[in-house]
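Q: Respectively, the protein sequence lines represent chains A and B. The working numbering numbers the first residue of the first sequence as 1 and each following residue consecutively. The working numbering numbers the first residue of the second sequence as 1 and each following residue consecutively.
You may find that some hints are simply not true.
To be verified - List of simulated lysine-lysine pairs, DSS-like, C-alpha gap at most 27 Å:
{"#": "1", "chain 1": "A", "residue 1": "K28", "chain 2": "B", "residue 2": "K218"}
{"#": "2", "chain 1": "B", "residue 1": "K279", "chain 2": "B", "residue 2": "K294"}
{"#": "3", "chain 1": "A", "residue 1": "K59", "chain 2": "B", "residue 2": "K294"}
{"#": "4", "chain 1": "B", "residue 1": "K279", "chain 2": "B", "residue 2": "K6"}
{"#": "5", "chain 1": "A", "residue 1": "K28", "chain 2": "B", "residue 2": "K244"}
{"#": "6", "chain 1": "B", "residue 1": "K65", "chain 2": "B", "residue 2": "K460"}
{"#": "7", "chain 1": "B", "residue 1": "K325", "chain 2": "B", "residue 2": "K372"}
{"#": "8", "chain 1": "A", "residue 1": "K59", "chain 2": "A", "residue 2": "K49"}
{"#": "9", "chain 1": "B", "residue 1": "K244", "chain 2": "B", "residue 2": "K279"}
{"#": "10", "chain 1": "A", "residue 1": "K28", "chain 2": "A", "residue 2": "K14"}
{"#": "11", "chain 1": "B", "residue 1": "K333", "chain 2": "A", "residue 2": "K49"}
{"#": "12", "chain 1": "B", "residue 1": "K244", "chain 2": "A", "residue 2": "K14"}
{"#": "13", "chain 1": "B", "residue 1": "K279", "chain 2": "A", "residue 2": "K28"}
{"#": "14", "chain 1": "B", "residue 1": "K136", "chain 2": "B", "residue 2": "K294"}
{"#": "15", "chain 1": "A", "residue 1": "K49", "chain 2": "A", "residue 2": "K14"}
{"#": "16", "chain 1": "B", "residue 1": "K279", "chain 2": "B", "residue 2": "K218"}
{"#": "17", "chain 1": "A", "residue 1": "K59", "chain 2": "A", "residue 2": "K28"}
{"#": "18", "chain 1": "A", "residue 1": "K14", "chain 2": "A", "residue 2": "K59"}
{"#": "19", "chain 1": "A", "residue 1": "K49", "chain 2": "B", "residue 2": "K372"}
{"#": "20", "chain 1": "A", "residue 1": "K14", "chain 2": "B", "residue 2": "K218"}
{"#": "21", "chain 1": "B", "residue 1": "K244", "chain 2": "B", "residue 2": "K218"}
{"#": "22", "chain 1": "B", "residue 1": "K65", "chain 2": "B", "residue 2": "K218"}
{"#": "23", "chain 1": "B", "residue 1": "K333", "chain 2": "B", "residue 2": "K372"}
{"#": "24", "chain 1": "B", "residue 1": "K294", "chain 2": "B", "residue 2": "K6"}
Claimed, not checked - Cβ pair distances, simulated, as ranges:
{"#": "25", "chain 1": "B", "residue 1": "E219", "chain 2": "A", "residue 2": "E45", "range": "39 to 49 Å"}
{"#": "26", "chain 1": "B", "residue 1": "V220", "chain 2": "A", "residue 2": "E45", "range": "43 to 53 Å"}
{"#": "27", "chain 1": "A", "residue 1": "E45", "chain 2": "B", "residue 2": "K294", "range": "43 to 53 Å"}
The hints are simulated quantities; they were obtained by calculation from the structure and are not laboratory data. Here a beta-carbon is modelled for each residue, glycine too, at the ideal position from N, C-alpha and C.
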Amino acid sequence: MATVGEICRYVRSKNAGPFWVTFDLFFKNRGDYERYAESPAIGPETFEKLFGVDPALVKRFPVDTLEMVKISCVRPTPSGSRVERDLHSGQMFVRLLDIELD
Amino acid sequence: MKPTLKEPVVILVPTGSLGAGASEAEVEYGIARGASVIATDAGSTDSGAAYLALGHSKNSRSAVKRDLTIMMRAASGAGIPIIIGTSGQAGGDINLDWTRDIVVEVARELGIRPRIACLYSEQSQEVIKAKAAAGKVHPLPPLGPIDDATIDACDHIVAAMGPEPFIAALDAGADIVLGGRTTDTAAICCFALWKGAPLGPSWHAGKIGECGGQASIKEVEGRGILLRIDRDGFEVEALNDVNKCTPNSVSAHMLYENSDPFLLVEPGGVLDVTGAQYKQIAPRTTRVTGSVWKERPYTMKLEGASAGQYQTVMLIGIQDPVVLKDLHTFEDKMTRALYERVHMTMGDGAGDFHISLRIYGWNGTSGEVVPKGTPAPRDVGVLFVATADTQELADQIARACNPLFFHMYMPGHNGQMPSYGFAFSPAYIPRGQLYEFRLNHVVECDDPLELVRTEWIDLKLEEAA
Chain A
1 MATVGEICRY
11 VRSKNAGPFW
21 VTFDLFFKNR
31 GDYERYAESP
41 AIGPETFEKL
51 FGVDPALVKR
61 FPVDTLEMVK
71 ISCVRPTPSG
81 SRVERDLHSG
91 QMFVRLLDIE
101 LD
Chain B
1 MKPTLKEPVV
11 ILVPTGSLGA
21 GASEAEVEYG
31 IARGASVIAT
41 DAGSTDSGAA
51 YLALGHSKNS
61 RSAVKRDLTI
71 MMRAASGAGI
81 PIIIGTSGQA
91 GGDINLDWTR
101 DIVVEVAREL
111 GIRPRIACLY
121 SEQSQEVIKA
131 KAAAGKVHPL
141 PPLGPIDDAT
151 IDACDHIVAA
161 MGPEPFIAAL
171 DAGADIVLGG
181 RTTDTAAICC
191 FALWKGAPLG
201 PSWHAGKIGE
211 CGGQASIKEV
221 EGRGILLRID
231 RDGFEVEALN
241 DVNKCTPNSV
251 SAHMLYENSD
261 PFLLVEPGGV
271 LDVTGAQYKQ
281 IAPRTTRVTG
291 SVWKERPYTM
301 KLEGASAGQY
311 QTVMLIGIQD
321 PVVLKDLHTF
331 EDKMTRALYE
341 RVHMTMGDGA
351 GDFHISLRIY
361 GWNGTSGEVV
371 PKGTPAPRDV
381 GVLFVATADT
391 QELADQIARA
401 CNPLFFHMYM
411 PGHNGQMPSY
421 GFAFSPAYIP
431 RGQLYEFRLN
441 HVVECDDPLE
451 LVRTEWIDLK
461 LEEAA
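All chains, full assembly: derive it from the sequences and hints.
A: Structure, rendered in structure tokens:
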């Protein structure tokens with residue numbers, strides 16, 4: 001069993017406008033990228049489970065040249081709402097780190 | 001017909017955000033490398049709707065003035081223009097006027113007399129309602145169709161400009177162009193487009209440059225970046241002779257704060273970098289070719305901000321092991337008890353209120369359920385956040401909760417009353433209002449200048465007077 005945190009060399013999250021958040025997962029090498037970029041473990045259902053977001057609005061983009069995958073979803077709560085804890089969504093990536101990729 | 005580019009356009013981006021801290025040495029270096037313009041973005045929606053709703057800048061006045069002084073001294077000396085997008089963080093009329101006043105102040109201090117163009121892109125509710133009624137406002141996911149009530153709820157509405165109003169101002173002889181809300185990319189690339197540089201490379205360079213030095217690998221502190229656009233592509237170079245721009249650092253910036261790594265929707269078109277090629281052409285410089293611009297009907301993105309309910313906060317620190325070994329119970333029991341306390345003391349008078357506890361050192365950042373068996377921390381900070389319809393009500397809720405928040409027993413206390421560590425007196429801190437973005441829509445425009453108003457401050461005329 002290997003987790004996102006173990007497989008990736010760098011994982012980050014950041015708001016993309018007020019209504020979206022985007023996750024960047026950079027792999028250590030081409031082999032890992034090809035093996036995991038399309039993995040169902042980091043598919044829409046995982047984002048629904050972790051953040052309660054609509055799986056129909058989860059978008060995944062493998063980027064060959066950078067050996068990374070970008071995943072974007074709607075923010076779980078609007079920017080600056082009364083339950084806001086992470087305005088720039090910069091800490092949301094941490095919840096991906098323990099996801100098991102295989 | 002656009003003019004044909006005769007020589008490369010060199011864009012000096014001194015900082016990723018006006019007021020974040022430009023470097024005098026970097027700006028001098030960029031001028032020596034042949035900069036034809038100094039361009040920077042001055043805002044973003046990232047830090048929340050408060051700056052648009054209130055008309056406040058995020059960066060301080062002194063920090064913005066410092067960067068402007070560095071830029072204006074250098075630009076005036078070199079005889080090149082300055083372009084600023086999204087003035088004053090949000091690009092509303094108040095934000096723009098605030099920035100304009102600083103620019104005028106700096107000009108007088110430096111003894112220079114620039115022609116300043118101010119491009120206002122704040123929209124009245126009436127204009128947007130008329131556009132909506134004509135079917136010219138379209139939602140972007142996850143929001144639905146616009147209605148008048150939503151438009152009325154916005155304290156301020158701005159439309160994000162493309163490069164055209166800047167180009168018109170440059171045509172009219174502006175030395176400094178201060179934009180209201182502008183796409184980051186348009187503010188950086190407008191000068192190149194004015195000079196007739198090709199669309200794909202210009203827009204792509206604008207995206208790579210919008211955060212300044214972020215597209216470089218920084219061995220030493222680096223605030224800005226240099227972009228050189230020619231007929232076939234563009235080059236990205238650090239603003240000192242140590243930092244490097246590599247194919248990786250440059251191409252990775254297209255990912256940043258962008259939900260799609262290949263396409264960027266802008267007013268009047270889409271930048272497509274799917275086929276872009278990145279090549280190291282000098283030890284510190286990367287060249288990019290193959291960026292494509294696809295024309296689309298002209299739309300501007302709307303942002304609207306409104307103020308909402310009020311919040312009051314309290315903060316305690318806890319090191320008591322009785323609490324720390326069972327934070328699950330503490331959080332549940334405390335939350336339930338605080339709600340009961342408000343119902344008991346204030347009844348329906350509390351209105352539509354909400355209480356949340358954020359236990360920093362445990363799960364404060366995410367609020368997620370911590371797995372059973374997680375070791376107890378040594379120290380936690382518990383932030384109490386009450387939200388209500390008025391500041392007075394939020395304050396009253398916090399004060400009603402104070403005794404419980406301070407002294408709540410856990411079973412392990414065996415009836416001995418604990419006292420948690422308040423950080424302040426008075427313990428409650430009125431925090432002010434919530435601010436939220438209400439719009440995520442685009443508006444169709446008949447002309448790129450239709451929703452923009454340009455005003456001039458010509459300090460050259462003062463000289464004549």
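Q: Which of the listed hints are not met by the structure?
A: 27
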